[in-house]
Amino acid sequence: MTSGDLFCGCGGASLGIQEAGFKHLWAYDSDPKAVESFNLNVAPVAICQAIETMNWAEVEPVDFLWGSPPCQGFSTAGRRRKDDPRNFLIWGFVWAVSVLRPKAFAMENVPGIGQGDWAQFPQWVKGALETLGYKVTVMKLNAADYGVPQIRKRVFWVGALSGYPQVPPPTHAKAPWDGLLPWVTVREALGLPIDMPAPRPVLAGNDKGTNPLRIRRVRSENSKANGPIAEVDNTPAPTVPGEPMFISELDTPSGVIQSGAPGHEGKSASTPRELRRYRRLTVEECLKLQGFPAGFKVVGNQTEQYRQVGNAVPPAMSFAIAAAVRRAVGA
Numbered sequence: 005m006t007s008g009d010l011f012c013g014c015g016g017a018s019l020g021i022q023e024a025g026f027k028h029l030w031a032y033d034s035d036p037k038a039v040e041s042f043n044l045n046v047a048p049v050a051i052c053q054a055i056e057t058m059n060w061a062e063v064e065p066v067d068f069l070w071g072s073p074p075c076q077g078f079s080t081a082g083r084r085r086k087d088d089p090r091n092f093l094i095w096g097f098v099w100a101v102s103v104l105r106p107k108a109f110a111m112e113n114v115p116g117i118g119q120g121d122w123a124q125f126p127q128w129v130k131g132a133l134e135t136l137g138y139k140v141t142v143m144k145l146n147a148a149d150y151g152v153p154q155i156r157k158r159v160f161w162v163g164a165l166s167g168y169p170q171v172p173p174p175t176h177a178k179a180p181w182d183g184l185l186p187w188v189t190v191r192e193a194l195g196l197p198i199d200m201p202a203p204r205p206v207l208a209g210n211d212k213g214t215n216p217l218r219i220r221r222v223r224s225e226n227s228k229a230n231g232p233i234a235e236v237d238n239t240p241a242p243t244v245p246g247e248p249m250f251i252s253e254l255d256t257p258s259g260v261i262q263s264g265a266p267g268h269e270g271k272s273a274s275t276p277r278e279l280r281r282y283r284r285l286t287v288e289e290c291l292k293l294q295g296f297p298a299g300f301k302v303v304g305n306q307t308e309q310y311r312q313v314g315n316a317v318p319p320a321m322s323f324a325i326a327a328a329v330r331r332a333v334g335a
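Sequential numbering of the sequence shown, starting at 5, is according to the working numbering.
Calculated from the structure, these hints are not laboratory results. Treat the hints with care, since some could be wrong.
Using 35 Å as the maximum straight-line C-alpha spacing, the simulated DSBU-like pairs for lysine-lysine come out as follows [said to hold, decoys possible]:
1. LYS130 <-> LYS178
2. LYS144 <-> LYS27
3. LYS27 <-> LYS130
4. LYS37 <-> LYS157
5. LYS157 <-> LYS27
6. LYS144 <-> LYS301
7. LYS144 <-> LYS37
8. LYS178 <-> LYS144
9. LYS144 <-> LYS130
10. LYS157 <-> LYS139
11. LYS139 <-> LYS178
12. LYS27 <-> LYS139
13. LYS157 <-> LYS178
14. LYS301 <-> LYS157
15. LYS130 <-> LYS157
Using the sequences provided together with the hints, build the complete structure.
Here is the structure:
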């Protein structure tokens, strides 16, 4: 079966789809660095083009269409905006389905799309896709339940012309039962030693008035600004929750790996040695927490790399969805 990927990013979703046995014919994204990363790691079929400019009559039909429209306007991680123009890219995907008529499709977005003023939005989208003749299942899934070392909840619209796609059975669970494996932890994913202690909760607070360790913003070694240079240890460790790319627990899956490049939160030279465990995650560590395979290379500067990894769909998630699609269409 053939596949296409809209808003493909650096290729996280396509890796899982490919593993499920699909052959990619094309992929599109408006981020040139993400497209470069995709072509380097997945298959040389990605094109840098915005979906708003697509002429679908010229695009080769595929059996399975995947889409991950931008979610910033819906996300609870930032300022939610009803008028964010990116919100309407979901309808661009629906239009692509109407023209290309794939045997099946899957579209992914954040759970905030079904909250507050957007509570009915998932059903509106489902209804629009059903009018095209598809049998559609709306799924709310957690990446941790499929072996990703990350608590990452997402909404999926999965549809097929020939049968209702079923929710893919989980492979992992917080409290394992009936043959399921336990959630993969940060410690396991990053290969941290068993005797490396998890952070004390008191050090994870953001309250500047009560936090005994107020982590200072410091300059990097190449910065021209005045201030102490950050000294970052070579062992991964957690810091302040709420900041992108930081973790506060080692023996659970991580929180959501976000797309923003983290600031240079570090340590002054006067920080006690026993507290010098607190730093941001590297791009390579973020890749591991997203479930990318070893050797995956992300193109661009550091900011561009963090953005690509944070925006990516964990490959294990798209694999589970793509496998469910194959079962639905009898392939």
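How the hints compare with the structure:
Pair hint LYS130 plus LYS178 holds up; C-alpha atoms about 30 Å apart against a cutoff of 35 Å. Simply put, LYS144 and LYS27 have alpha-carbon atoms about 26 Å apart, close enough for the 35 Å limit, and the pair holds. With a C-alpha separation of about 26 Å, the suggested pairing of LYS27 with LYS130 holds against the 35 Å cut-off. Of the pairs offered as hints, the one joining LYS37 and LYS157 holds, with about 26 Å between alpha carbons and a cut-off of 35 Å not exceeded.
With a C-alpha separation of about 27 Å, the suggested pair LYS157 and LYS27 falls inside the 35 Å cut-off, and the hint holds. Annotation: proposed proximity of LYS144 to LYS301 holds, straight-line Cα distance about 30 Å (limit 35 Å). For the hint pairing LYS144 with LYS37, the CA-to-CA distance comes to about 30 Å; that is within 35 Å, so the pair holds. Annotation: proposed proximity of LYS178 to LYS144 holds, straight-line Cα distance about 16 Å (limit 35 Å).
For the given pair, LYS144 sits about 14 Å from LYS130 by alpha-carbon distance, which is consistent with the 35 Å threshold. Pair hint LYS157 plus LYS139 holds up; C-alpha atoms about 23 Å apart against a cutoff of 35 Å. Restraint check for LYS139 and LYS178: satisfied, since their Cα atoms lie roughly 31 Å apart, inside the 35 Å limit. Between LYS27 and LYS139, the direct Cα distance comes to roughly 23 Å. Compliance with the 35 Å bound is thereby established for this hinted pair.
A hinted pair counts as satisfied when its Cα atoms are at most 35 Å apart, and LYS157 with LYS178 qualifies at roughly 14 Å. Taking the CA atoms of LYS301 and LYS157, the gap is about 25 Å. The hint holds against a cut of 35 Å. A distance of roughly 19 Å separates the Cα atoms of LYS130 and LYS157; the hinted pair therefore holds under the 35 Å criterion.
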